[in-house]
Amino acid sequence: MQDEQDLLIVGEFNLMRGPENRNKPGGDITELLFFNEAISSLGLLEIPLLGKQFTWSNKQQPPLLERIDWFLLPSLGLKGATILVAEVPDHALYLIEVATDIPKGNILQFENYWMEHEHFLQVVQHGWSILTFQTDVAKNVTAKFKNLRRVLKTWQRNISSLSANISNVKLILSLMELLEAHKN
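Going by my numbering, the residue at position 106 of the sequence shown is 645; the numbering climbs one at a time, nothing skipped.
In case anyone wonders, no lab produced these hints; they're calculated from the structure. Heads up, some of the hints might be wrong.
[Claimed, not checked] Keeping only pairs whose Cα atoms sit at most 20 Å apart, straight-line, the calculated EDC-like set for lysine to aspartate or glutamate is:
id: 1; residue 1: LYS591; residue 2: GLU716
id: 2; residue 1: LYS692; residue 2: GLU650
id: 3; residue 1: LYS598; residue 2: GLU716
id: 4; residue 1: LYS591; residue 2: GLU719
id: 5; residue 1: LYS685; residue 2: ASP675
id: 6; residue 1: LYS709; residue 2: GLU719
id: 7; residue 1: LYS598; residue 2: ASP608
id: 8; residue 1: LYS563; residue 2: ASP608
id: 9; residue 1: LYS692; residue 2: GLU655
id: 10; residue 1: LYS591; residue 2: ASP608
id: 11; residue 1: LYS591; residue 2: GLU559
id: 12; residue 1: LYS692; residue 2: GLU657
id: 13; residue 1: LYS685; residue 2: GLU650
id: 14; residue 1: LYS598; residue 2: GLU551
id: 15; residue 1: LYS591; residue 2: GLU551
id: 16; residue 1: LYS598; residue 2: GLU719
[Claimed, not checked] For each label pair, taking beta carbons as the anchor points, the in silico distance ranges come out as:
id: 17; residue 1: GLN661; residue 2: GLU719; range: 44 to 52 Å
id: 18; residue 1: VAL708; residue 2: GLN599; range: 23 to 31 Å
id: 19; residue 1: VAL549; residue 2: ILE705; range: 16 to 24 Å
id: 20; residue 1: VAL549; residue 2: GLN695; range: 25 to 33 Å
id: 21; residue 1: GLN695; residue 2: GLU719; range: 30 to 38 Å
id: 22; residue 1: LEU581; residue 2: LEU670; range: 55 to 63 Å
id: 23; residue 1: MET715; residue 2: ASN575; range: 31 to 39 Å
id: 24; residue 1: VAL549; residue 2: SER579; range: 15 to 23 Å
id: 25; residue 1: THR681; residue 2: LEU604; range: 51 to 59 Å
Where is the CB? At the ideal position from N, CA and C, for every residue including glycine.
Please take these sequences and the hints and turn them into a complete structure.
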């Protein structure tokens with residue numbers, strides 16, 4: 540497969556890979572075999588599902604539960620797919636975590652929403668105006684960018700609540716999952 544490092548196949552295939560993907564006996568064994576053969580012939584690997592065992596429910600009593608949603612890729616690169624709370628009628632929500640072997644440097648990740656912040660231009664002007672004491676023009680510009688990066692990273696820590704928001708959402712979803720489990 541070409542560009543396999545960029546390929547991630549995600550889908551509701553409505554197919555199982557084995558009898559353990561269903562809480563009750565049944566299912567079409569022929570479809571199961573064809574699905575596994577297709578995955579194997581394409582050289583795909585199944586991404587582990589973290590959290591719940593099943594991704595679909597018929598929402599009846601007693602429920603039929605199945606795993607019919609799959610995450611496949613040609614080489615390892617994902618940590619896993621975590622099931623979040625199912626708030627849609629019969630399917631689960633997922634959080635996919637991407638991992639890489641490439642070391643992550645101390646980079647500045649520019650966020651577009653910064654430009655909407657009322658103090659953004661002032662922060663940039665401050666970072667750019669810090670003296671560098673470089674006589675060479677190229678070294679001076681490089682030093683100015685380093686200063687700006689340092690100032691923006693500090694500013695980002697003060698205004699960004701993204702990681703806190705993600706933690707809060709995960710906590711809320713966990714609580715909702717507990718409520719859903721006790722409801723049945």
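Each hint tested on the structure:
no.	hint	verdict
1	LYS591 with GLU716	10 Å, holds
2	LYS692 with GLU650	11 Å, holds
3	LYS598 with GLU716	15 Å, holds
4	LYS591 with GLU719	12 Å, holds
5	LYS685 with ASP675	15 Å, holds
6	LYS709 with GLU719	15 Å, holds
7	LYS598 with ASP608	17 Å, holds
8	LYS563 with ASP608	17 Å, holds
9	LYS692 with GLU655	17 Å, holds
10	LYS591 with ASP608	12 Å, holds
11	LYS591 with GLU559	13 Å, holds
12	LYS692 with GLU657	17 Å, holds
13	LYS685 with GLU650	17 Å, holds
14	LYS598 with GLU551	17 Å, holds
15	LYS591 with GLU551	16 Å, holds
16	LYS598 with GLU719	12 Å, holds
17	GLN661 with GLU719: 44 to 52 Å	47 Å, holds
18	VAL708 with GLN599: 23 to 31 Å	29 Å, holds
19	VAL549 with ILE705: 16 to 24 Å	20 Å, holds
20	VAL549 with GLN695: 25 to 33 Å	30 Å, holds
21	GLN695 with GLU719: 30 to 38 Å	36 Å, holds
22	LEU581 with LEU670: 55 to 63 Å	58 Å, holds
23	MET715 with ASN575: 31 to 39 Å	33 Å, holds
24	VAL549 with SER579: 15 to 23 Å	18 Å, holds
25	THR681 with LEU604: 51 to 59 Å	58 Å, holds
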